[in-house]
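Enquirer: Those protein sequences? They're chains G and W, same order as listed. Using the working numbering, the first residue of the first sequence is number 1, and each one after it goes up by one. Using the working numbering, the first residue of the second sequence is number 1, and each one after it goes up by one.
A few of these clues could be false.
[Claimed, not checked] Each computed DSBU-like pair below joins lysine-lysine, with the alpha-carbon atoms no more than 35 angstroms apart:
#	chain 1	residue 1	chain 2	residue 2
1	W	45	G	126
2	G	229	G	40
3	W	110	G	204
4	W	98	G	204
5	W	113	W	27
[As the list claims (entries may be wrong)] Here are the simulated distance ranges between beta carbons:
#	chain 1	residue 1	chain 2	residue 2	range
6	W	20	G	146	32 to 42 angstroms
7	W	17	G	255	48 to 58 angstroms
8	G	310	W	4	50 to 60 angstroms
9	W	32	G	279	54 to 64 angstroms
10	W	32	G	100	32 to 42 angstroms
Since the hints were derived computationally from the structure, they do not count as laboratory data. By construction, the Cβ of each residue, glycine as well, lies at the ideal position given by its N, Cα and C atoms.
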Amino acid sequence: MPMETKVPCSRLESVLREGHFAVTAELNPPDSADPEDVYKAAGILANVCDGINAVDASGANCHISSVAICALLTRAGYEPVYQVTCRDRNRIAIQGDILGAAAMGVPNMLCLTGDDVTAGDQPEAKRVFDFDSIQLLRTARTMRDEATFLSGRKITSPPCFFLGAAANPFVPPYDWRPQRLAKKIAAGAQFIQTQYCFDLPRFKEYMTQVRDLGLDKQAFILAGVGPLKSAGAAEFMRTKVPGVVIPDQYVDRLKKTPKEKQQEEGKKICIELIEQIREIDGVAGIHIMAYRQEELVAEIVEQAGLMPRPTSNDQNKE
Amino acid sequence: MFRWLQNYPHFLEIVYDLLEVSLHPLKRWFKPGSHSEPFIIAIEKLGKETVFGCQMCGQCILHSTGMTCPMNCPKQLRNGPCGGVRENGHCEVKPEMKCVWVEAYQRSLKMPKYGYQFASLQPPVNNQLKGTSSWINMFHGIDTDLPPGWTNTKDIPVKWVKEDFYANGD
Ligand code: SF4
């Protein structure tokens, strides 16, 4: 079993510990200062998943900040996963934000390296990377478990986070990727959300190595999935989005489908993949990234047979 | 010019050991703030820049990173490759460059002595040491003087490295 948080505060953690196949989903961050826009985006995900990921300027495009999204979500009783990247903030800012997020009741934190600034719409920005994702994880864990900052200074009331990290099994050096996962777990990761799993044979191989190292017993692994909107979108994702690998078979399948049916086909592929991923030993759940098609998430979860969810994300509802 | 040397990490590993032994008697000249410091920095820079593209971070971990300088990674990661590596093994940020960490990994497999250290947890960079001599810092333990909150990671078991992992590598 993965190391237990001393004072568990995360519902996502409970769902996983109880042995349910978990579902998390990524929220589309609005470019807006209106909280209603955040709630609208969260509303369509709330009842079909156990955790809502708030991205930290994903793809280096700026949106409303992840810490603010999380704060808004906790107010409404949702279960946010606070994503933190090392790209934009140095260690001073990050540690402050960690305390801030915890103070606002954010229960989960996902530590990422972050896409480079050149991936976004402001490539002229300065890249920070004062931490890497592993140092960030380790620091967050120290803050939680030892109640100190990196400097050794005491924290009077430590944060309580369920700590997560990302993994990308689909890019080189392939045979070292499981070792990297081990390193992240040693640094403090309790759950893992992977990059989009389209290349299933590769993922199965990866999971075999992961099981050999016993890592699936030390952290909960959630496989990343998502519907492809069209053949064009798939082509864009695999050439322009860092780290995304989509085998030809899926792109071809979409190309052969008439334009107006491509979105439906993309959804079908996603559901098929979920069904196959569920069969793989050591996978504890899925993480749905339905970029700009968030309205499809409910259908996907439903049709993949993953409803009802063990805990409703929306506490106000029974 | 001498970058090709990096493809012989096995040899560089021996050089690394020899250098450490041979510099040891000179320890008393290796002092931060001494008159000899600028010369030591110049020599270190000349040597390591030509071979490794050294960025003079002042806390050298070359032997733990397959004799490949991690500061050449555009994100300056110290604990392994990011998730953006391209399918052909090239860098997310600079498509024309091979990912520093892909190379580092492949080279570490050829290093019988220090290769296993590729798995170790590297602390955050001390940015105050940039431009100083890592040799001087090593002799005075300056590079291993970690922030107190970075609890000793040496006691983290490194057992995830399968014993035969490096021996059978490549
Ligand atoms: S692809 Fe490799 S060299 Fe490029 S930023 Fe990522 S880890 Fe660094």
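Enquirer: Taking the earlier hints as the rules, which of them does this structure contradict?
Expert: none
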